[in-house]
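> Listed here are the chains, written in short residue letters.
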Amino acid sequence: MRTFELPDLGEGLPDAEVVRWLVKEGDLVALDQPMVEMETAKAVVEVPSPYKGVITRLCGQEGEVILVGAVLVEFDGESNSSSKTIEPEVKKTTETVVTSQATKPDSIANSDAQVFILPDLGEGLPDAEIVRWLVSEGDDLTLDQPMVEMETAKAVVEVPSPFTAKVAKLHGQAGDVIDVGAILVSFGSGTSVELPKIEQPKIEQAEVEPAKDKPADAATVVGAVQVGNQIVTESASAVIKALAKKLKVDLKLVIGTGSDGAISQADIKQAKKDGKLIGSKLPVSVSVPVNTLLNNNQQNNENPLDFKASPAVRAHAHRLNVALSVCAATGKKGTITKSDVDLAFKQPSSFTAPLLTVAPVLSKTGGLPTVQVSVEPQTIRGVRRAMAMGMAKSHASVVPTTLMEDADITTWPKQDSLARYVRALVFASKIEPALNCWFDGDKFERLVHPNVHVGIAIDSPDGLYVPVVHDADKKDATQVRARVQELRQKIESKGLKQEDQQGATITLSNFGSIAGRYGSPVVSPPQVAILGTGRFRYELKLTEKGIENRKMLPLSLTFDHRACTGGEAARFLASVIEDLQKTV
Amino acid sequence: MKANTVKTVTLIEAVNMAVSHEMGVDKEVVVFGEDVGINGGVFRATDGLQEKYGKERVIDTPLAEAMIAGIAIGMAAQGMKPVAEIQFMGFIFPAADHIISHCARMRNRTRGRLTLPMVIRAPFGGGIHAPENHSESTEAIFAHIPGLKVVIPSNPSRAYGLMLAAIRDPDPVIFLEPKRIYRIEKHEIEDNGEEYPLGVCFVDREGTDITLVSWGAMLHETKQAAEKLAKEGISAEVIDVATVSPLDIDTILESVEKTGRLCIVQEAPKAGALGSEIAAEVAEKCLMSLLAPIGRVSGYDIVIPYYRLEKQYMPKIDYIIEEAKRIVEYK
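Residue numbers (our numbering), protein chains in the order written: chain A, 1 to 584; chain B, 1001 to 1331.
It should be emphasised that the hints constitute simulated quantities derived from the structure, not laboratory data.
Keep in mind that a hint or two might mislead.
Derived, one-sided and incomplete: chain B residues facing chain A with beta-carbon distance under 10 Å [as the list claims (entries may be wrong)]: (1) A1130; (2) R1180; (3) H1187.
For glycine and all other residues, C-beta sits at the position ideal for the given N, C-alpha and C.
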């Protein structure tokens, strides 16, 4: 004997009333043939037969209220293993069992063929319309792959496949209205599914869920709530840290009482009572930090977050290739301002080796010695500060070596000497490129420049400027002169632009225009050489013609011995002299 | 004392567990709303509660949201702890006058004489193919109202812990349940009555390159995006705001000061949303730590579409990854 028990008709109601029997005892009914009209609180629903067979008994009179789960119809034939109907097992009559969106639909299967019966799509409606098939007969489906879009009175619902199987037949076309309980899709190799053997509905359960738990009940309402059975672990440390934050408890002072020293909410609350608050001065006992606490103070110098600057200032620094680490922070709360970046940029160094910040340099001095003076110390700003930083940086890294020699410039016509010096640097750079070069002592990289950009040290009341004559190798004397003149005017009018000070590959310091014979000029990294021209003098020289009065120009070439050999530097200096001693 | 049972539950079951727990220990807790009793709630949030605690404490109401909110306020003013359900957040607006004009203001209006220890639960958000008016994310409307706490759990444990805290809180809490993730995953929860703190964010993942801030259902996508970003060498910190009002901006600021970058992920339309407030706070208080402009991955400024276009509307994992990369690579 097979039985049909009243399923939940889709509204979560505990019972339904028999309105009218559509079949009699002894009738042979076909699968899905309507058997009875049942009235729930909301609607009259036609209940189809789940089997093909002969009805042996109708359990209830018209007008009688039948509990969900009670036997409604008995059929002939063998009782199968579970006698379950199209609805999942119902244990309590008041329990609603509806798969609202067929994510875990009920299924009827036999060995070589399986069918999918349209479940209640979640609104207690008796049927639904096929909007669109998403699969075709013969397709291999995977579990949960959308098969069809069904439209109920309220929504379009995507119905997923309950099996991983091949589609044998699609029962209906777009536009067809399918009754709840009717076969919608047949699976498997079997082409005809006349009398499927009824099996226990397939309800996926999490493995840890005891089998006695009630079947998935995704509720009666509209829509399709995605169902997953994955068991996820809550982040305990996130909760503990959040609570500690709320109670202002210093986690470092909390002793965990759980296994492995795990901190519980109770530990945090106890710590609050004990006054272990953030900023409290309690001794640190056994510290059991939450494992993922980060120490941000251990970041290296190059972390941009070590420096406070607005995005605009950062972008500005990025464009100028100025590392924030070399910028002073004169803004509010130690913020680097745009002018700080501009100042840093005035050092003609943009090769980004890790650079010293101002702070350590100043802090090492411990401040100025305390003396009784009538004036306050001045904070060094602007160009002067840039000079201080640049020189300190040079001193900290460069290995300076200075070569000194004189050039005989007796035969010079009257001309702009600065332009001649520049020309000599260009000439020497072609002969010995190793000095027209940038060097990164940390990466051990050098960049030999094909062009010569000469930085010209220019003294001003504000401090030392080193503007650049770019592409000096492509300029003649007039152009060099014009450029230097332009730079001087810009300095005077304070109109020097960043690009005027950027990119020098070698530097010229004409200190001799004031005083000084030889000097030890300071190389400005990443450059590797600087030529100092001293004050010229007349000298009695013994030549093959006897004693002659010659005009001599003293030269001092400082080079970074990390980047250049002494031989390279000497050849360079010899080439400078060679060019300077040319008559024209 | 007998050990508490550990249950493997979904978010919706965790809500049920928390409400049930609190009803068990506090006689003042009552539940009411449309279909919450016999039916057990359209999503089963209150399943079995009427059976367990009786019709006196688990009450089916007519379809009248204004009345539901009004009853809750009256009960709470007299010392009860109502947990009222608005069946969908889209239906909350008839109740908005009570919630905004009375519920939120009662403590202030009575100069502290009356507080309203009440909870209004409502499923919200899209992604379940629901019809018109069922899918909005309008949390910002209530987050804007002083006097209301607005809480959104992102997983079963938080639903349990935060719901307990919401019921116990002396002031009104709008408890918004992201229905898309009602059943998407399970947690093993010990029914021990341990609440989670309100008013603080949860840092779900620690990272150094970018801070991803989200809440509710979108946290699901956000966490997955963070995992994928990690595979590409981008270390993302993930913050669950959880209590969207009052906003725990400090946790977000601390994180942004660490990472220098912020991407906010929300399902709600972009304009005037909670993400806007977070972005503004960070811009106000944390500008100097920003390495890139703040990014937002949002829904669109349109009525959330019907089923067929709903998927197009919802922010996706790929969007989050794309936006996060854009921010990280910003020069």
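> Looking back at the numbered hints, which does the structure fail to meet, lowest number first?
Violated hints: none at all, because every hint is consistent with the structure.
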